[in-house]
Amino acid sequence: GDSVTQMEGPVTLSEEAFLTINCTYTATGYPSLFWYVQYPGEGLQLLLKATKADDKGSNKGFEATYRKETTSFHLEKGSVQVSDSAVYFCALSDLSGGSNYKLTFGKGTLLTVNP
Amino acid sequence: GAVVSQHPSRVICKSGTSVKIECRSLDFQATTMFWYRQFPKQSLMLMATSNEGSKATYEQGVEKDKFLINHASLTLSTLTVTSAHPEDSSFYICSARGTYRNEQFFGPGTRLTVL
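Those sequence lines, one after another, are chains A and B.
14 is the number that this note's numbering gives to position 14 of the first sequence; each next residue is one higher, with no gaps.
9 is the number that this note's numbering gives to position 9 of the second sequence; each next residue is one higher, with no gaps.
Accuracy of the hints is not assured; some may be wrong.
Listed next, with one range per pair, are the computed distances between beta-carbon atoms [to be verified]:
#1 B/T113 with A/E8: 20 to 30 Å
#2 A/N22 with B/K41: 12 to 22 Å
#3 B/D65 with A/T70: 35 to 45 Å
#4 B/Q29 with A/T5: 26 to 36 Å
#5 A/K52 with B/R111: 31 to 41 Å
Chain B is nowhere near these chain A residues, computed Cβ spacing over 10 Å in every case [unchecked claim]:
#6 T24
#7 A53
#8 D55
#9 H74
#10 V82
Straight-line Cα separation of at most 25 Å, BS3-like style, residue types lysine-lysine; simulated pairs [to be verified]:
#11 B/K64 with A/K102
#12 A/K102 with B/K55
#13 B/K20 with B/K66
#14 A/K60 with A/K107
#15 A/K68 with A/K52
#16 B/K41 with A/K107
#17 B/K41 with B/K66
#18 B/K41 with A/K49
#19 A/K49 with A/K102
#20 A/K52 with A/K102
#21 B/K66 with A/K102
#22 A/K68 with A/K56
#23 B/K55 with B/K20
#24 B/K14 with B/K66
#25 A/K102 with A/K56
#26 B/K66 with B/K55
#27 A/K68 with A/K102
#28 A/K102 with B/K41
#29 A/K56 with A/K107
#30 B/K20 with A/K102
#31 A/K107 with A/K52
I should point out that these hints are in silico values taken from the structure, not numbers from a laboratory.
Virtual Cβ for every residue (Gly too), placed ideally from N, Cα, C.
Using the sequences and the accompanying hints, generate a full structural model.
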């Protein structure tokens, strides 16, 4: 079945540091890939997505590129802020018929950014 | 657009009672709704998928008689935790997908505490 493996945290960075959170996946079909962010006590918000190979998703300074050859979708940001502190989830969605577009999540990576 | 609400945001109940959580799509018609459970510092576990007007499809290991799901309209799904016990304490999150969008929109979550 489908699965998502992401870098275990927690990750602690200083403000303006470079961020990378690794994510790899296994899927039988051609999934869409997502990064979600969860701030303390809240639900998930979609951060960015990519629907096909070589697509780059970007939002709020975060980027991730759908790499089919390495089955990866690593999240990067050039300069993190304290407000980026949250849990980040990598996920894939099976778009095959009958799947109801179920999401498969990684375990999440807690990011703490210190001033 | 694409806002999903949950009510209540927090609920505390006594062991043995039943609790109902509502999930509403506020500005779109949700043909499919998903219910997740999240334990502290862990990823989201899909509990069930519900399509409007039909019975929910439960994931393996989820008791359908304990977690009753009703998707009576295109904007409302409810999760009822019956005869709740302390081990049911968790963060429950719903998401909704519309007819023409390959994307799930998440509610803010409901924190259930069973005493």
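Violations among the numbered hints, reported as their numbers in ascending order: Violated hints: none; all satisfied.
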